[in-house]
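Chemist: Here is what each chain is made of, one letter per residue.
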Amino acid sequence: MSTAEAASTAAPLPGWVIPTAKTLGIITAIAALIIALVSSGIAPKGSWANKILAAPFVEMWELPDLLVQTLWEGTVAGILYALIALGFVLIFKASGVFNFAQGIMVVFAGLTLVGLYEFFGRQGFSGTPAAYVALILTLAVMALLAIGIERIVLRPLVNQPDIILFMATFGLTYFLIGFGETIFGGSPKIMIADQLGLPKGAVDLAILGGRVTLQKIDIAAAVIAIVMIIVLAVFFQKTRIGRALRAVADSHKAALSVGISLNQIWIIVWFAAGVVALVTGIMWGARSDVSFALETVALKALPVLILGGFTSVPGAIIGGLIIGIGEKIGEFYWGPLLGGAIESWLAYVIALGFLVFRPQGLFGDKIIERI
Amino acid sequence: MGRQLNLVVRADVGGDTFGKLLAENARIRGSRPAMRFKDNGIWVSWTWSEVNEEARGLAAGLQALGLKRGDKIAIVGGNRPKLYWSMMAAQILGAIPVPVYSDAIADELAYVLDNAEVTFAAVQDQEQVDKIISVSEQVPKLQTMIYDFDRGLEDYDHSKLHHIDAIIAAGKASLGDAKASAALDAEIATGKGSDISIILYTSGTTGRSKGVMLTASGCINAAIDTVTFDKLTDQDSVLAYLPLAWVGDHYLNYAQALVAGFCVACPESAETAQADMKEIGPSFYFAPPRVFENLLTRVMIRMEDAGALKRSMFHHFIGVAKQWGEKILNGESVPLSAKLSYGLGNLLVYGPLKNALGFSNIRVAYTAGEAIGPELFSFYRSLGLNLKQLYGQTEAFLYVTAQPDGQIRSDTVGPATPNVEIRIDDITGEVLYKSPGQFVGYYKAPEKTAETMTQDGFVKTGDAGFFDATGHLRIIDRAKDVGKLKDGALFAPKYIENKLKFYPNIKEVVAFGQDQDFASVFINIDIIAVGNWAERNNVSYGGYQELAGLPQVYDIIAAHVEETNRTLAAEPMMAGGQIGRFLILHKELDADDGELTRTQKVRRGFIAERYQPLVDALYSGKTEQHIATEVTFEDGRKGTIAATVKIRDAKTYPAVVVANAMGAMGKAA
Amino acid sequence: MSEPLLSVNNVSLRFGGVRAISDVSFDVVKGEIRAIIGPNGAGKTSMLNCINGFYHPQEGAITFKGVKRPRVKPHEAAVGGIARTFQNVALFKGMTTLDNIMVGRTLKMHSSFFWHLFRKGPAMNEEIEHRRKVEEIIDFLEIEHIRKTPVGKLPYGLQKRVELGRALAMEPDLLLLDEPMAGMNLEEKEDMCRFILDVNKTYGTTIALIEHDMGVVMDLSDRVVVLEYGRKIADGTPDVVKADQNVIDAYLGVAH
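Chains as they are written, first to last, in this note's numbering: chain A, 222 to 592; chain B, 8 to 676; chain C, 1035 to 1290.
This is chain A alone, in the form it adopts within the complex (with noise of 0.2 angstroms):
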């Protein structure tokens, strides 16, 4: 007797194809408005009307290697958002907390990094192991934490409104602040990647008539996130805490019945959330340098989760490179009408705009529930 399982045939439609399908008819629709709208001499070249609606995608079509080198930029920015919303929504989905300290931990976690690098270089240890043993190092060191903010701020609120952990993570970023402020001091400091041995310099690339330059260290920080994500992936869908997390993410109830404990699982979720938060910290920091003016840039994470939903992280990497290549075009085509500097603000409002067609985000769970 032979046995053999099932075989599993080929999947429906996959439920994104269709949002994008319907995104990619709104884009058609407008291009079409705008052609109209300038052809019709409605909207003569040096008008207003010319300036916003026509100049930019006249400019965009001429020059297609500044729209490429736009939206490289984007999407490593993106990247970079995507990550940090995917520790907001880790630790959302499994607690239901909204950690507002999510941002602060990026840096928190880039200073230990290089503090200790620091710290190795005056006792004689430097080059590459001595990063990967800070870097080894800063690890434990967000176990830690994780332990210590599930022992000292859950476990004692546990059963409180949301609101109240709402408020004991900003007391958890305050505390960060002051605390990496005492041991690390206040300056901004530079990251290591080169002893992480992260690639310097950048490719040209000789595209569409024109160049286009990739950092390296780019290309580094998407490769390693897409390998993070996977991995996360898998973690959730294939293991048996990754199961264990959906299951607790779904009903707290349930899953103490079962025998899975609330702490262990926070104790991981934030742990993960403190790992992502280092490559964040990494990454971000190689661009330009470690401070806690990444805080603020860290916010940014706040429209893309409006955007992909607070509890998807599909969601938080679309919305993520949705954010941050909309904002580099918006800067880059239409900043200058405004005056500049418009990326300040610019991702509330591509979040918004996105909100008047789907309140729910772009990946929000849909509530599958019979009453």
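These are calculated hints, taken from the structure and not from any lab test.
Keep in mind the model is a prediction, meaning the values are calculated, not measured.
Idealized CB from N, CA, C, for every residue including glycine.
Among the hints, a few may not be true.
As the list claims (entries may be wrong) - Below are the DSSO-like pairs computed for lysine-lysine, each with C-alpha atoms no more than 27 angstroms apart in a straight line:
#1 459(A) / 1187(C)
#2 1182(C) / 45(B)
#3 1107(C) / 474(A)
#4 1187(C) / 45(B)
#5 487(B) / 608(B)
#6 346(B) / 334(B)
#7 1099(C) / 474(A)
#8 1182(C) / 285(B)
#9 1099(C) / 594(B)
#10 1187(C) / 285(B)
#11 1167(C) / 45(B)
#12 410(A) / 421(A)
As the list claims (entries may be wrong) - Which chain B residues stay away from chain C? Per the calculated CB distances, all over 12 angstroms, these:
#13 45
#14 49
#15 133
#16 162
#17 183
#18 196
#19 493
#20 613
#21 623
To be verified - If we take Cβ atoms under 8 angstroms as the criterion, some of the chain C residues that face chain A in the derived model are:
#22 1101
#23 1104
#24 1118
#25 1128
#26 1129
#27 1137
#28 1204
#29 1274
Chains B and C: place on chain A using the hints.
Modeler: Quick look at chains B and C alone, frame taken from chain A:
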């Protein structure tokens, strides 16, 4: 004496009994898969040699328990391999399997078991064991029971009750002895084509069911004809989900499998058949129209809930399929743009849809049993599913007519299948036939057999029909049901019922009108379709009864009835028989209450009697009528459902001139 | 009589000033089906919550397998061998039937996280082993057809069955069922009764259940304890309890 029965197998398939065929299959394609069964979530399969070994083991085991040539063994349960093996084992020994509907209530079961004088029974599980034990006094001849699934049976008295596994194991052990094995071979060789191979009880629209006796060579010859007709080979596969006791299962999934050597997959349970279908992807499929209808309803509901783009994409490509699909399937020439458009549709819609329904690999699909709605029929064909119609009955061992590839229409059932002879009675218009699989008589009922046969050996189908210009048979209705209204206009109840049943909102219809002023109907709404409508429109309801009584629902149904009248008005023969009044029945017609047959056909006479006050009210002009009905719950207890049923008038139309009528009929013309 | 698996001794539970349970004692013997019944608000669910650690009684002690457990946590109770279902069904609604029951196996899985991540070696074998167990339960409860359906989409009766399946997957020593038949139609109730009896017989699982439907309780259970307003008013075999004047008063006599 009637027609000479053909007792010789015409083609060389390796024997004239199923016992011999099984051995032959094991010999020539021993390592090909013969059966699959999903057990504990995993598909388990057996090759022909393995099935042969299991069936021989079971035969030896049953023989040791006393089963011998000519004995009857009841088979009660779902499509499980071990029950199929029980049939094989019986036929190896020359005993006669008598499959019984597994959802038969104890009473029906007792009647069949007693009438067939079964001494053995092979049953699925505790439920069936309990049912048989509960009627054991009425079946004194039944001595031994074997069961497949042992849960709950541990504490039963096992003196006359055995686990199939134990019997197979014991039988296999005894066959280890070469002499015993040779004796069994000799037993198989003793079997003759003229032996009774199986007795199938027909559900019958009237009276008690009758045991149809079929010979081994008749069964095999009939199967050879259709296997050739549809070019079935051992590369084909089916999912066996039809009731074991129905001729369709025994023919399509048993006889054809043994003749062609293809693989039969058994679903995990009746509820999972749809999902299993998708996993197995059979190449040959049969389903009654109602199954196709349910599938379509489900697809449509899914689409209503889908996003706007998906929905418009679906409707667009279904439109394309409607226009070109059947032409492409029939091999007619179509413009290139149509081909391209259809190809894209196949990629985006038809392919994924067929995959979801488990139809991806189907080469030949049949439907029969009821008239199929032209829209419904075209829908599946336009997707590229080679769906055809056949006409048959148990007494013929299924096939009387079937549509050959390329000659498919929704309103005929095709020409006679090979070696079948058909005649239409001059006076009554009844369809008469002679077929290779034709029965030898009803068990213990020669007078009934005689009633069914003509002087010259044709079998009466009881259906009225005629051959159209293309030589295809068209069935109108049961011969005895075609009647007349008071004014002499033709009243064909089934014809009216079928027309109405093609609306997704309508599940069942019963038409009345014999010797009355006009035709009128009882309607059962389709709870899924109408319930879905209610959900979308925020109409709340507590259950079938409440939903059926809603005025808005009456409005919907009234529109359907009037549309039907309009099409009837366009048909010269039928224009006089339009529906004057209708009502929506307060309960769903149910086989447990005797309102439907086990094959889900309405029992018009019984219903008329049971709901006499309602029928009277239809013709007395009342606008509502109170009725209380006794019902049987699934556990056998009885209760009463009472309701006040509203009655409405329906608009009728003057008969339309013929020229227009043909236009309105569309493709039917 | 054999050693009790669980004994509840003089347990009292208060929420602020409200007494939910007052000085209740009873025991559950290995292998029996024990019912806890009483009118609404009698403290039945609170009692279950005390047993599996959702609540901690202020007074009295609960002894399980001969060990007193002060302030046991729910997941510790689960580790100890107590599984339960909930009155209003607590399932992982976004997950499939299969995954829900798989989660019930969490405590039985031990292979390391590392192997799990790569779906190799011991983790894969373990996964297959547990999947087989889960399939047995699916077969037992006759829910093959909804194996891959997200449970949020299932009708209530089936959700209850999946929940029972998840509890069974834990292979508990003591199974707590909180109104397993609430909101079901007659046929579903009969099915559920059959499953409960089969679980008790086939796996020898000790069962403590709360139920509203008196008829069902009397048919199903070996012994019944009756609560009213947080106090125990009767305890014994169904026949004894049925004849008890206090019980008759609580259920029939006094109109509330």
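Chemist: Take the hints in turn and mark each one as holding or not.
Modeler: Hints, one by one, checked against the model:
1. 459(A) / 1187(C): holds, 23 angstroms
2. 1182(C) / 45(B): With Cα atoms ~15 angstroms apart, residue 1182(C) and residue 45(B) stay inside 27 angstroms; holds.
3. 1107(C) / 474(A): It holds: about 12 angstroms lies between the C-alpha atoms, which stays within 27 angstroms.
4. 1187(C) / 45(B): This hinted pair holds, its Cα atoms lying about 24 angstroms apart.
5. 487(B) / 608(B): Roughly 16 angstroms separates the two Cα atoms, so the pair holds.
6. 346(B) / 334(B): Satisfied, since the Cα-Cα distance of roughly 10 angstroms is no more than 27 angstroms.
7. 1099(C) / 474(A): Within the cut-off at roughly 24 angstroms; holds.
8. 1182(C) / 285(B): Distance of about 13 angstroms is within 27 angstroms: holds.
9. 1099(C) / 594(B): Answer violated: residue 1099(C) to residue 594(B) is near 54 angstroms, above 27 angstroms.
10. 1187(C) / 285(B): Distance ~21 angstroms between residue 1187(C) and residue 285(B) Cα, so the pair holds.
11. 1167(C) / 45(B): holds, 16 angstroms
12. 410(A) / 421(A): Holds. Residue 410(A) to residue 421(A) sits at ~18 angstroms (cutoff 27 angstroms).
13. 45: Answer for residue 45(B): violated, closest chain C Cβ roughly 8 angstroms.
14. 49: violated, 8 angstroms
15. 133: Given a closest Cβ separation of 10 angstroms, the condition is violated.
16. 162: Non-interface label on residue 162(B) violated, nearest chain C Cβ at 9 angstroms vs cutoff 12 angstroms.
17. 183: At roughly 31 angstroms from the nearest Cβ of chain C, residue 183(B) sits farther out than 12 angstroms, so the non-interface label holds.
18. 196: The claim stands: residue 196(B) keeps its Cβ more than 12 angstroms from every Cβ of chain C (closest is about 41 angstroms).
19. 493: Given that every Cβ of chain C is farther than 12 angstroms from that of residue 493(B), nearest at about 46 angstroms, it holds.
20. 613: For residue 613(B), whose nearest Cβ neighbour in chain C is about 25 angstroms away, the distance exceeds 12 angstroms, so it holds.
21. 623: holds, 33 angstroms
22. 1101: It is violated, given that the least Cβ distance between residue 1101(C) and chain A is near 17 angstroms, above 8 angstroms.
23. 1104: Violated: closest Cβ of chain A sits about 18 angstroms from residue 1104(C), beyond 8 angstroms.
24. 1118: holds, 5 angstroms
25. 1128: holds, 5 angstroms
26. 1129: holds, 6 angstroms
27. 1137: holds, 5 angstroms
28. 1204: With Cβ-Cβ at 6 angstroms, under 8 angstroms, it holds.
29. 1274: violated, 32 angstroms
Checked against the numbered hints given earlier, the structure breaks hints 9, 13, 14, 15, 16, 22, 23 and 29 and satisfies all the rest.
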